[in-house]
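Using the sequences provided together with the hints, build the complete structure.
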Amino acid sequence: MFPQPTEGQMLGSGPGREELASWLRTGASELAAALRRSPPDLPCWSFLPAPSPLVFWARRQAHETAVHRVDGELALGSSGPLPAHFAADGVSELLLGFARRSRRRLRRERELAAVLEAEDTGDRWRFVATPGGLEVESGGLLSAPTTVRAPAHRLYLLAWNRLPLDAGAWEGSPEPVS
1 MFPQPTEGQM LGSGPGREEL ASWLRTGASE LAAALRRSPP DLPCWSFLPA
51 PSPLVFWARR QAHETAVHRV DGELALGSSG PLPAHFAADG VSELLLGFAR
101 RSRRRLRRER ELAAVLEAED TGDRWRFVAT PGGLEVESGG LLSAPTTVRA
151 PAHRLYLLAW NRLPLDAGAW EGSPEPVS
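Its first residue numbered 1, the sequence shown is counted upward by one per residue in the numbering used here.
Honestly, the hints are just simulated from the structure, not real lab data. Since we're looking at a predicted model, the values are computed, not measured. Just so it is clear, CB atoms sit at the ideal spot from N, CA and C, and this is done for glycine as well. Every clue listed holds true.
The following label-pair restraints were derived from C-beta to C-beta distances:
1) E111 - E30: 40 to 48 Å
2) M1 - A28: 27 to 35 Å
3) M1 - E119: 46 to 54 Å
As structure tokens, then:
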């Protein structure tokens, strides 16, 4: 068993304010280099379906980094847009990956359904929360009592709780996504 650091030790072990930007750039460069050096068939653990573990981790780290970039930008006032297809992929990762893993825990006594539609990419996702759990699908011909239409970037930020619920163009009630 490894000794666990205290909260103070963890918070105090990072770079100071002046070194933070350089530390983040260095970490991003080292991560990118490690991913480029890794063989395509690298055997390692992953927790969502992907063509390979390397593809899984490259995608996961890209979205993790993007969400934290947005966090930093929002802390300063506003966030710049993410590329549309990247943002749509992030919504897919969240809904078709993470949400499906937790579908048994995401239950509602009364069924709630919504469609998210990315205006700029044409991507659509439908989720339905029921007493039996969560069902999620993607595709072109999906419908639900509530539809949220917005650029993929805004749906990404909404899905990752980085924008308030009024961020999309609503049809129906916002209840399913609140």
